[in-house]
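Number of protein chains: 4
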Amino acid sequence: MGRRLFKELERSYGFDEVAIVPGQVTINPELTSTKMTIRDLEFEIPIMASAMDGAVSPRFAARMHEMGGLGVLNGEGLYSRYDDPYSVLEDIIATPQEEVTEFLQQVYTRPVKESLLTAQVQEIKQSGAICAVSFTPQNAKRMSPAAVEAGADMVVVQSTVTTARHESNSYRGLIFSELIGSLRVPVVVGNCVSYGVALELMETGVDGVLVGVGPGAACTTREVVGVGVPQVTATLECAAAREDYFRKSGRYVAVITDGGIRTGGDICKSIVSGADGVMLGTPFAQAEEAPGRGFNWGMANPHPELPRGTRIKVGIKAPLKQILYGPTSKTDGTQNFVGALKAGMGMCGAYTIRDLHQAEMVIAPAIKTEGKFFQMGG
Amino acid sequence: MGRRLFKELERSYGFDEVAIVPGQVTINPELTSTKMTIRDLEFEIPIMASAMDGAVSPRFAARMHEMGGLGVLNGEGLYSRYDDPYSVLEDIIATPQEEVTEFLQQVYTRPVKESLLTAQVQEIKQSGAICAVSFTPQNAKRMSPAAVEAGADMVVVQSTVTTARHESNSYRGLIFSELIGSLRVPVVVGNCVSYGVALELMETGVDGVLVGVGPGAACTTREVVGVGVPQVTATLECAAAREDYFRKSGRYVAVITDGGIRTGGDICKSIVSGADGVMLGTPFAQAEEAPGRGFNWGMANPHPELPRGTRIKVGIKAPLKQILYGPTSKTDGTQNFVGALKAGMGMCGAYTIRDLHQAEMVIAPAIKTEGKFFQMGG
Amino acid sequence: MGRRLFKELERSYGFDEVAIVPGQVTINPELTSTKMTIRDLEFEIPIMASAMDGAVSPRFAARMHEMGGLGVLNGEGLYSRYDDPYSVLEDIIATPQEEVTEFLQQVYTRPVKESLLTAQVQEIKQSGAICAVSFTPQNAKRMSPAAVEAGADMVVVQSTVTTARHESNSYRGLIFSELIGSLRVPVVVGNCVSYGVALELMETGVDGVLVGVGPGAACTTREVVGVGVPQVTATLECAAAREDYFRKSGRYVAVITDGGIRTGGDICKSIVSGADGVMLGTPFAQAEEAPGRGFNWGMANPHPELPRGTRIKVGIKAPLKQILYGPTSKTDGTQNFVGALKAGMGMCGAYTIRDLHQAEMVIAPAIKTEGKFFQMGG
Amino acid sequence: MGRRLFKELERSYGFDEVAIVPGQVTINPELTSTKMTIRDLEFEIPIMASAMDGAVSPRFAARMHEMGGLGVLNGEGLYSRYDDPYSVLEDIIATPQEEVTEFLQQVYTRPVKESLLTAQVQEIKQSGAICAVSFTPQNAKRMSPAAVEAGADMVVVQSTVTTARHESNSYRGLIFSELIGSLRVPVVVGNCVSYGVALELMETGVDGVLVGVGPGAACTTREVVGVGVPQVTATLECAAAREDYFRKSGRYVAVITDGGIRTGGDICKSIVSGADGVMLGTPFAQAEEAPGRGFNWGMANPHPELPRGTRIKVGIKAPLKQILYGPTSKTDGTQNFVGALKAGMGMCGAYTIRDLHQAEMVIAPAIKTEGKFFQMGG
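Chains as they are written, first to last, in the working numbering: chain A, 1 to 378; chain B, 1 to 378; chain C, 1 to 378; chain D, 1 to 378.
Since no wrong hints were added, every one of them can be taken at face value.
Within a straight-line C-alpha distance of at most 25 Å, the following computed DMTMM-like cross-link-like pairs (lysine to aspartate or glutamate) qualify:
id	chain 1	residue 1	chain 2	residue 2
1	A	Lys7	B	Glu8
2	C	Lys330	B	Glu90
3	A	Lys321	A	Asp332
4	D	Lys7	A	Glu203
In short, the hints are calculated from the structure, not lab data. Fair warning: this is a prediction, and the values are worked out from it, not measured in the lab.
Between the sequences and the hints, there should be enough to build the whole structure, so can you do that?
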């Protein structure tokens with residue numbers, strides 16, 4: 001008797017499974033521009049730091065701005081819950097590994113205070129930086145007006161999985177078009193991984209979508225719940241939605257690959273997959289300036305009943321400037337992200353980020369470093 | 001000269017090779033129902049504990065019922081062979097690893113006694129629980145009437161590989177339609193892995209089929225005999241049979257994925273593959289209440305001449321309630337199975353188990369945790 | 001500009017990448033027959049021991065016959081080169097690993113003596129066993145008449161890669177039809193891996209072909225020269241040739257999968273791929289009766305300039321009877337090969353080896369044993 | 001809603017993912033010829049040593065010629081920058097690993113001197129060897145006339161990624177047709193990996209193209225920048241370009257696979273993929289005669305801001321003659337490259353390198369050496 005299947009499965013791909021093909025023309029890296037635009041906000045580099053408490057404090061956000069990028073502040077993080085968030089950070093760092101998930105679960109039960117949030121936003125604005133603040137869908141409608149009032153230039157609405165339609169009986173589902181209508185600043189939402197959801201989110205009027213469910217170093221959603229799509233395929237789907245939506249509406253919505261990016265190579269691959277920018281957590285938590293001082297944890301970590309991820313020791317690696325711009329003596333791709341991006345653009349003959357969208361990419365499994373010979377470097 | 005092959009091979013997939021795509025709509029986990037039905041028996045959660053002696057004793061079956069699930073008693077296990085099965089359990093646990101397969105081979109030569117079986121079934125019924133008892137095809141016809149007589153609510157007929165047609169000259173092959181006609185309770189049979197066999201089994205009148213050959217942690221059938229199909233593909237095939245059979249007959253037969261499930265993610269993937277429920281062994285053998293006290297062994301283990309699997313040390317991890325419902329501080333998916341299932345249903349916009357059948361899934365190889373950076377959490 | 005390739009590559013598969021699907025009908029293992037026929041020679045089990053000096057001595061060949069199988073004697077091995085091969089075996093075993101390849105290279109420079117070969121064949125025949133002797137293509141024409149004269153029942157002509165047409169200027173290429181015409185016993189030749197070569201070999205009149213280039217544990221041809229085809233695909237190709245040749249000629253040529261077989265599962269997979277029998281080296285070198293006393297080395301190992309493989313320590317595992325027939329307490333598939341084969345035949349509803357050819361097989365990558373949980377048994 | 005992707009990705013393959021299928025005819029290795037031709041230069045073996053300072057000094061180039069191959073001198077390496085390059089080599093070797101990338105970055109800031117380059121070329125020519133010198137595209141036009149004047153027989157123009165069209169505002173892009181017109185010797189350029197770029201380069205009049213971006217042991221371009229194509233697919237594309245260009249123009253351009261080759265098997269696979277020759281770095285840096293004395297580093301390593309690769313300890317393995325011609329007792333494919341190539345040609349029935357282009361190859365993932373049994377040799 002023949003074989004029949006309940007449904008068909010298609011193959012998806014992650015960063016380690018692809019490689020970029022050099023272009024038919026090459027250009028010198030100095031000729032490239034890495035500018036990214038989200039509605040009317042322009043950034044020198046298409047690189048954002050994730051709204052994780054171990055990565056982005058108000059001071060860190062200011063520093064990211066100086067470097068040409070954007071650090072997103074977690075609007076429901078320690079900075080909006082505690083008068084002295086830095087001493088709480090100390091406590092988290094000092095807690096032994098086996099107790100830390102429970103401690104994180106407890107720390108994040110303290111309620112968010114609007115006055116603290118306002119003060120943090122003002123600190124960022126006083127530094128002269130563009131200020132972006134992140135909220136969960138449950139709290140976005142209630143809390144984002146205060147952030148914008150205090151000066152925030154961009155609102156990020158983020159949960160593990162976000163759709164244009166969410167049903168709940170504990171709170172009224174957030175209606176993005178209403179939120180966007182009520183705020184005068186750009187709104188970026190996520191995370192999503194498929195063509196259909198990205199398209200519906202774009203149709204609500206958002207200015208950017210965050211792409212990625214499951215791939216981050218500090219997140220174990222894919223193991224715990226089984227849900228997730230590898231980043232290359234997720235980005236290819238959401239970028240297809242952006243193109244179709246642009247063709248229909250004339251409005252260009254930024255696609256930002258968020259999670260799982262470790263190297264300059266991963267940044268290049270995100271953009272070749274169609275991203276307009278990238279968001280990174282762990283690599284910035286490794287900066288000397290990061291508030292976590294070598295530790296990081298995700299937004300799904302302190303979930304009271306089903307924590308997904310935990311505090312991870314990421315180490316302190318280098319000053320932010322060196323991570324972004326080098327020079328470096330590291331040869332594993334974890335430093336000089338902008339240099340790597342410009343080198344990749346040069347090899348593909350891309351003057352701009354949108355030119356790099358046109359580059360070719362192949363499926364090419366990661367080089368295995370088994371055996372002595374390979375351990376020498378690849 | 002051209003290439004020719006004796007036969008064509010199709011690709012199959014296991015849990016670690018797929019990931020669920022979030023839905024177009026999301027719902028809050030509180031809105032989901034995880035109910036499973038097998039003919040007229042209803043369960044709060046679609047989760048069964050395998051008929052393994054290290055996992056399910058009568059007491060454990062009672063506890064599974066309190067938690068909303070079902071623990072299946074091995075009708076040919078220690079509990080039906082020994083007056084004091086608990087002291088035999090002690091002996092198995094105390095035997096050194098290098099001698100244990102031989103010891104198990106010997107322990108299971110003691111004949112099953114109907115009176116002991118009856119007593120065990122009565123113990124489960126007295127606790128108020130739904131009682132399911134498992135037999136091999138060789139013994140099902142002879143022994144299941146006694147179990148039903150004693151109060152069993154469901155009979156499971158299970159061997160490594162089961163078909164509607166088995167030929168033997170040492171005993172007359174079990175005719176399922178006869179067995180079902182002679183018993184007034186639901187009958188679940190297995191294991192099978194293909195569309196054709198599942199369909200034939202359904203046509204005999206069974207109420208559920210168990211899916212899975214070879215994948216369990218305590219089973220090495222695939223290594224020893226080369227036979228087995230990875231669980232995602234096996235479930236996709238058997239669920240296709242259920243759909244076709246339902247369309248033809250109007251009768252809905254439960255498909256239960258059995259074996260190889262380690263995490264909440266695997267449970268979600270089983271259901272997205274078309275399963276109505278799941279059966280787990282090792283994760284329940286790890287419960288504080290499990291009779292094996294941190295050890296487990298399968299039904300094919302004590303085979304006198306060709307043992308497939310052995311006693312494995314699984315450890316004692318947590319109370320059953322925490323494994324099923326959390327709360328937990330574990331972030332690897334091995335606790336709070338029901339929370340994970342409800343979270344996955346929420347991310348896919350599924351109100352019921354049958355809604356979750358409609359979710360999309362992609363082929364996405366497991367994230368490799370090679371190198372330091374990845375070891376931080378994936 | 002589009003992509004173009006110099007040639008297309010097709011996918012091939014090895015044992016660890018496939019799994020057998022149970023049949024629509026199952027039968028009890030006692031009902032199965034494992035008989036194999038090569039022209040007029042019949043064997044109780046379709047299992048041969050490779051002509052490797054560490055595996056098959058005349059005494060071992062006699063023992064294999066008692067067990068229902070066939071041990072092939074290396075006609076150009078130590079037994080035909082030395083008056084006291086057992087003391088040379090001692091020396092090989094005693095040589096330190098770093099010097100052993102050089103020592104093997106030297107040991108095999110001693111010329112073969114016809115009188116020694118004759119004595120060894122007679123020893124096997126006096127035990128009552130079927131006697132098979134193996135030669136390289138260079139020496140087969142010259143040496144096989146003496147072996148047959150002495151009583152050999154079958155001649156094997158074997159080199160790493162064998163075709164019906166070989167060109168050389170140091171010796172006249174062996175013409176198989178001439179050799180076969182001059183000998184009254186069945187001739188088995190190999191090794192080959194493709195449809196075309198197998199078909200041409202069959203057309204020369206051979207009675208069996210050996211399938212496999214590169215896969216054995218004691219062989220590194222694939223690493224050194226890059227040549228080799230995984231065993232499942234190689235067997236599927238050669239079995240297709242057997243079918244086509246049988247349809248055309250009415251003569252059935254045995255296909256024997258040779259190399260890379262470690263478990264009962266691999267034996268079952270070979271036969272489902274179309275093999276009529278299998279040949280194993282290392283698993284028999286692990287028998288208590290094997291002359292290598294826990295060591296083994298291949299025929300391509302002592303090559304004077306390009307050795308491919310080396311002496312490997314395989315260990316002494318069990319008596320031959322236990323390896324073939326159990327009973328065993330090993331659960332990794334390395335013992336009770338015949339029990340495993342009969343179990344597999346039962347699960348597939350196959351009464352005979354040729355029935356097992358009809359079973360279905362899927363591509364299913366080996367279960368990875370990463371992480372603690374999996375290490376418990378798969 | 002259906003799935004849509006921004007772009008399609010095709011699969012590519014590396015050495016470890018393919019295997020060569022033996023031919024329908026086999027020949028004795030003595031009958032094979034391994035000759036390679038680049039325009040009017042003929043070499044006994046199709047093997048070149050990379051222009052890496054740790055591998056090729058003038059003395060090493062002379063030795064490669066004696067062995068029938070070609071050692072390419074780095075025209076912008078230590079030998080053209082320092083009066084006493086050997087003492088600088090000593091310093092590099094003596095520098096601790098953690099400081100060496102910085103030290104390399106500094107060492108390579110010293111300017112190239114034409115007089116030193118001339119002296120090195122003359123040293124090679126005085127040995128009677130064919131002399132090839134390598135330059136980067138930036139310096140090729142300025143420096144190659146001096147090299148040719150001094151006696152160089154071939155010019156190599158090499159950078160990580162090279163195209164026929166490069167745009168820069170710091171220097172005028174090199175126009176290959178001009179360079180070729182101005183030099184009377186063959187010009188080989190690279191590296192490239194795709195059909196389109198290889199074809200355009202051939203149309204400029206070059207005599208050979210180097211194939212390979214990212215795969216070398218001493219290079220981490222693929223990790224740092226994400227750019228690279230596995231060598232089998234890259235060679236298949238560039239060889240397709242050579243065939244199409246030859247059909248159109250009647251001129252045959254040599255395709256040389258450069259990077260990632262570790263074994264004789266990899267050399268055979270390169271040629272079956274369509275290469276006319278191969279270039280190796282690390283395996284020659286392991287020769288007793290290599291100037292790096294057990295260390296090697298690539299041309300992209302000392303990049304001042306984005307080093308890709310580092311100094312790697314490769315060890316001193318054997319004299320060059322043994323690496324190329326054996327005899328050897330090594331069985332991992334790292335010695336007797338020519339013996340392996342001739343063995344592979346014999347197994348495929350190939351009298352010449354171009355005959356070997358016709359061999360068949362299959363996709364066959366590397367045998368994993370997990371578990372004890374496999375560790376014995378494959």
